[in-house]
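**Student:** One letter stands for each residue in the lines below.
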Amino acid sequence: MTLLAQAQHFVRAPEWTWYIVPYFYLAGLAGGCYVIATLLRLLGNHADEPAARLGYYAAFLAFLPCPVLLTLDLTQPLRFWHMLWNTTPGNEGPNFKTGSPMSVGSWALVAFGLFAAVSFLEVLVHDGKLRRPFAVRVVRPLDGALGRIWNAVGAVLGLFIAGYTGVLLAVSNQPVWSDTWALGGLFLASGLAGSAALLALLVRLRRDAQASLGMFELSERLYSLLELALLVVFALTLVGAGTLDDAFGFPWILLWLVAFAGLLPGLGRLLTARLAVTTEGALVEQATLASAAVLWLTLLGVLALRAAVILSAQF
Amino acid sequence: MAEIVPGQAYGFFTDTSVCIGCKACEVACKQWNMLAGNEPSFIDGYDNTGQLDSQNWRHVKFIDNVPDETMGTGQGKAWLLMSDVCKHCQHASCMDVCPTGAIIRTEFDTVYIQPDVCNGCRNCISACPYSVIGIDEETNVAHKCTLCYDRLQGGMEPACAKACPTQSIQFGPLQELQQAADKRLADLHAQGVAEANLYGRDQAVYGGLNAFFLLMDEPEAYKLPNTANAVLPGRNNAGGWLTGLATAVLGVLGGLIALRRRGQPPSQDPSPRQEADAP
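Heads up: the protein sequence lines correspond to chains B and V, in order.
With numbering that gives the first Met the number 0 applied, the first sequence covers 0 to 314.
With numbering that gives the first Met the number 0 applied, the second sequence covers 0 to 278.
One or more hints might be untrue.
What the hints assert, rightly or not - Computed list of chain B residues with no C-beta within reach of chain V, every gap over 12 angstroms:
(1) L63
(2) L256
(3) L263
Said to hold, decoys possible - Covered stretches of chain V, going by a simulated chain B footprint (3 or more residues, C-beta under 8 angstroms):
(4) 60 to 67
(5) 91 to 104
(6) 126 to 132
(7) 166 to 175
(8) 239 to 248
These are calculated hints, taken from the structure and not from any lab test.
Note that the Cβ used here is the ideal one computed from N, Cα and C, for glycine as well.
Make the full structure from the sequences, and use the hints.
**Tutor:** Right under this line is the structure:
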């Protein structure tokens, strides 16, 4: 028996449940959508701009409930700002603890919120949906190089937001969570896969964004593969700690089945079509009920993965 | 009791070999700290409080260590009794992860949760390896043993130590307690009680515990992590962030591959933003 196989946990569960599961989910999608939108805008073709805008819309709208959920989860919600400001008498000042992912994440969430909000405003103005002079003045500086820098920094924050939640869980003494170092990567990969699926769904609402559907298709396949690889690492680390049953036992196995089912569309297409979309250029998805259902399944899988990880360690 | 001086490290030495399970410590703690307590639950043996939490800052564990087939004398075995408490760790997991700065080290070198700063995020609960902290339902903030911070400030020893009739709970300057513990352990070993051991006396467990114990069995028997398992939550920081970073790089790479391999979208307009802008 290895040392890790004797891992002991005498810790109490923090009862992070019904606010935290959707928060982790939406943070993954918000960060992932911003990242994909930025990739399209900065490195894609000019025809990708409508899809990039779709991504920035989705990122901000997915982000919006996040601070609310986090605040409601506190047992003293009106003290949410204590995350950022230390009110200890004689030691007042900003709170930033590099060793505490929750502390770092609080600041990252504020910063990402700013980037997501401004990018949302910018696409509203460029889409002609917002014509107020103030808004136009705010986003005008972002038309050039500054805008690209803004998006790039926002994308880095998006990557952080989508993944830090996993590190937050790992930096504890809870069974399952603290027995692995793979959760940050796993949540990030899963968030990216879910975001690609979400954007592939949203493309149906914006016809001029369909030129980028091929990118969403291929990236979902690749992110699903990445997620699967990290899931294997996650499981192996739990085997070493002796807590595999805690994570994958009944009833959590049901959630895991949904999570695996969500990976199947991407992995299936990777096996059958590899990295080919079409031979003639951009894919135009048929807006069938079946294709939408497959994308919803991927999104459900992303949620199930987080629910399985978060709940299995606590109950 | 000598004068209690700020700037000096204080703590508890809990000698479980002389604990009789009277629970005077629990009562004194609740009385002084005005803890209402939970509904009594008759669990196993004589335990009716169950665990350390927001209402139980001292909890006497009754551990049935006697084989079922015992006839008469217990074959040299006795129940293990232990008045458990917050360990006031030198390397405190709760303090490491607390994002608000609510958990501080006091002038008496104890670990204290400031009730007016805590916002109830419960990160400390997920980190404490001894399951000490709970959320109080009235104040809605994290509660645990304060080592009677208010009494220390008033020059009084903690209520539990004051009430303990067998001196199983001893309070004092940490150095003095450690010397007393060393002597007690040597005495027990000299009497042939080989299983006696000190837990948290040295730095092997969380850099040393200000509330340390003399145990009559292995730490695991008391549901205390042994030296190998007494690990800080921060151990996963480097691995977690690095895995996240590697995944982020692969994620961007995956996006680039997807962009390159998807075929070229049919569009010739050189001005991307303007093309997409509404008329």
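**Student:** Over 12 angstroms to the closest beta carbon of chain V is the bar; see if L263/B clears it.
**Tutor:** holds, 18 angstroms
**Student:** Can the segment 239 to 248 of chain V be counted as covered by chain B under the rule of three residues or more with Cβ-Cβ separation shorter than 8 angstroms?
**Tutor:** holds (count 8)
**Student:** Given that the segment 91 to 104 of chain V was listed as covered by chain B, double-check it with a C-beta distance under 8 angstroms for 3 or more residues.
**Tutor:** Per the Cβ count (9), the hint holds.
**Student:** Quick check: the segment 166 to 175 of chain V, covered by chain B? Criterion 3+ residues, Cβ under 8 angstroms.
**Tutor:** Check failed, 0 qualifying residues.
**Student:** Compute the least Cβ-Cβ separation between L256/B and chain V, then decide whether it is above 12 angstroms.
**Tutor:** holds, 24 angstroms
**Student:** Cut-off 8 angstroms, C-beta pairs, minimum 3 residues; does the coverage of the segment 60 to 67 of chain V by chain B stand?
**Tutor:** violated (count 0)
**Student:** Would you assess whether L63/B, listed as outside the interface, keeps its beta-carbon beyond 12 angstroms of every beta-carbon in chain V?
**Tutor:** holds, 21 angstroms
**Student:** Three or more residues of the segment 126 to 132 of chain V near chain B by CB distance under 8 angstroms?
**Tutor:** The restraint on the segment 126 to 132 of chain V holds, since 6 of its residues have a Cβ under 8 angstroms from chain B and three suffice.
Of the hints listed earlier, those the structure fails to meet are numbers 4 and 7, in rising order.
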